[in-house]
Amino acid sequence: MRMIKASKRVISLLILLGVVATAVASETKVINIQHWRTANGARVYYVFAKQLPMVDVVIAFDAGSARDGKQFGLAALTNGLLFTGTATRNEDQIAESLESMGVQSGTDVDRDMGLIKLRSVIDPQVLTPGLSIFVDAFTHPTFPEAAFTRVRAQQIAAIKARQQSPSSIANQVLMRTLYRNHPYGHSSLGDINTVKAIKLADVKAFYQRYYVANNAVIAIVGKVSKAQAEHMAELISKNLPAGKAAKKLPPVKPISRAIIKKVNYPSEQSHIRIGAIGITYHNPNYFPLYVGNYTLGGGSLVSRLFKQVREKRGLSYGVYSYFLPLEDRGPFIISLQTQNVTSQQALKVTDKVLQNFVSNGPSEQEVILAKKNIIGSFPLQIDSNSAVITNVVTIGFYRLPLTYFDTFRDKIKAVTVSEIQRAFKRQIKPQQTATVIVGRQAKQNAS
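Heads up: the sequence shown is residues 48 to 494, going by this note's numbering.
Derived by calculation from the structure, the hints in this document are not laboratory data.
Every residue, glycine too, gets a C-beta built ideally from N, C-alpha and C.
Certain hints may be false.
[What the hints assert, rightly or not] Computed beta-carbon distance windows for the label pairs:
#1 ASN311 to PRO171: 58 to 66 Å
#2 THR463 to ILE239: 47 to 55 Å
#3 THR389 to LEU449: 44 to 52 Å
#4 ALA274 to ARG473: 42 to 50 Å
[To be verified] Straight-line Cα separation of at most 20 Å, PhoX-like style, residue types lysine-lysine; simulated pairs:
#5 LYS472 to LYS399
#6 LYS294 to LYS117
#7 LYS117 to LYS251
#8 LYS285 to LYS354
#9 LYS117 to LYS243
#10 LYS476 to LYS399
#11 LYS117 to LYS300
#12 LYS359 to LYS399
#13 LYS295 to LYS117
#14 LYS460 to LYS418
#15 LYS207 to LYS243
#16 LYS354 to LYS399
#17 LYS472 to LYS300
#18 LYS294 to LYS251
#19 LYS354 to LYS300
#20 LYS76 to LYS460
#21 LYS395 to LYS76
#22 LYS354 to LYS418
#23 LYS300 to LYS476
#24 LYS460 to LYS419
#25 LYS246 to LYS117
#26 LYS395 to LYS309
#27 LYS76 to LYS97
#28 LYS273 to LYS97
#29 LYS270 to LYS164
#30 LYS285 to LYS164
#31 LYS476 to LYS395
Taking the hints into account, I'd like the entire structure generated from these sequences.
As structure tokens, then:
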């Protein structure tokens, strides 16, 4: 549902959107998503998928890095410790037991979500014990001291590795510049100093607050009946305290002026990001912005940015733009790389394309082409259960309509040129953008 390739979740969702887009209008649902709540408050989203004798389960907690407070990296550290030991099994025993049955499990964190994942065959001799071990691992963690020390050190090493990546530096400086002290402004991994300062008691407190049923979305996709899905969801939920949903995040406020940040880095190319405060999934202009962004920079070889920056002037191998909706207003980002000596030229051209698009919008022919490509160029079938569940989690977590896929095609077709023009003028203001340039010959942190 995110407008262009910002993550695996985005790519999977775009694949699924393609199924909607290419479907002939009918009464048949593209995906039949069923929804209910467990006895102690977890929200459940279930899809029967008969193609494979498999089931995928994802539990998404409102426990992403936006919940770190001042302890940047706390959400990631907590999530990373969930399979390191219970009262009955140590970390190796959990891993070996699941692996011996062919059951896959994992965790992940982004700005909004703390995720826990399982994939298993539906054979009861595998699924029943596998699910039991899986649920025990994240609902009754003991957080061993040795594991805490090791995982914290690994997280610090990952932060140091990102500090050696000019692309990662550009992304983080952009987010920090756009969001300042808002919870979205820091890296999900945190900073070295903040992670070093986290104590085991902090991890336990974070887990107790956010890993609760009323703060969870359970997604189940696979060749299991609704009755089986209900049983699985209750097994997961009943082992969690009911708890309370996380509080609403503070509102995002756009920056008041255009800001340029230059970071000196000994790379052969400059990594450029231009960003602004964007939208949530519930923004009334979501679909005009979706279609419009395809023309601006989301449509790869046919976008204006690609034609002007790459094709016409050869300033970059690739340039693209995307909206990244979050629980609160996520960013709008333009991203490109160019030679250090052409960074100012590439930036000037990119700025000009953006300002012209915001001022004048797309042409009628561009909108026709964008709609045609969005509606007709995606795969005709859902490629995997894992892709489906990723998208179902997004629908559930962000409380989107269960009919989202069924109405997508008509909403794309209904977008007009004037709607796109009004939406971009309202949403993207060039005088409230942040620009980050990371590369050689740049001045350190100049504004």
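Do the hints match the structure? See the list:
1. ASN311 to PRO171: 58 to 66 Å: Given a distance of about 60 Å, which is inside 58 to 66 Å, the answer is holds.
2. THR463 to ILE239: 47 to 55 Å: For ILE239 against THR463, whose Cβ atoms are near 49 Å apart, the range 47 to 55 Å holds.
3. THR389 to LEU449: 44 to 52 Å: holds, 48 Å
4. ALA274 to ARG473: 42 to 50 Å: holds, 47 Å
5. LYS472 to LYS399: holds, 15 Å
6. LYS294 to LYS117: holds, 16 Å
7. LYS117 to LYS251: Measuring from Cα to Cα gives roughly 16 Å; hence the hint holds.
8. LYS285 to LYS354: Violated - the C-alpha atoms of LYS354 and LYS285 are around 55 Å apart, more than 20 Å.
9. LYS117 to LYS243: holds, 13 Å
10. LYS476 to LYS399: Holds, because 13 Å separates the two Cα atoms, which is no more than 20 Å.
11. LYS117 to LYS300: holds, 19 Å
12. LYS359 to LYS399: holds, 14 Å
13. LYS295 to LYS117: Given pair LYS295, LYS117 holds - Cα atoms ~17 Å apart, limit 20 Å.
14. LYS460 to LYS418: Distance of about 7 Å is within 20 Å: holds.
15. LYS207 to LYS243: holds, 13 Å
16. LYS354 to LYS399: holds, 13 Å
17. LYS472 to LYS300: Answer holds: LYS472 to LYS300 is near 17 Å, not above 20 Å.
18. LYS294 to LYS251: With Cα atoms ~19 Å apart, LYS294 and LYS251 stay inside 20 Å; holds.
19. LYS354 to LYS300: violated, 33 Å
20. LYS76 to LYS460: holds, 18 Å
21. LYS395 to LYS76: violated, 46 Å
22. LYS354 to LYS418: holds, 19 Å
23. LYS300 to LYS476: Holds - the C-alpha atoms of LYS476 and LYS300 are around 13 Å apart, at most 20 Å.
24. LYS460 to LYS419: Status holds; Cα separation ~9 Å.
25. LYS246 to LYS117: With Cα atoms ~13 Å apart, LYS246 and LYS117 stay inside 20 Å; holds.
26. LYS395 to LYS309: Holds, at roughly 15 Å.
27. LYS76 to LYS97: holds, 15 Å
28. LYS273 to LYS97: It holds: about 13 Å lies between the C-alpha atoms, which stays within 20 Å.
29. LYS270 to LYS164: holds, 17 Å
30. LYS285 to LYS164: holds, 18 Å
31. LYS476 to LYS395: holds, 16 Å
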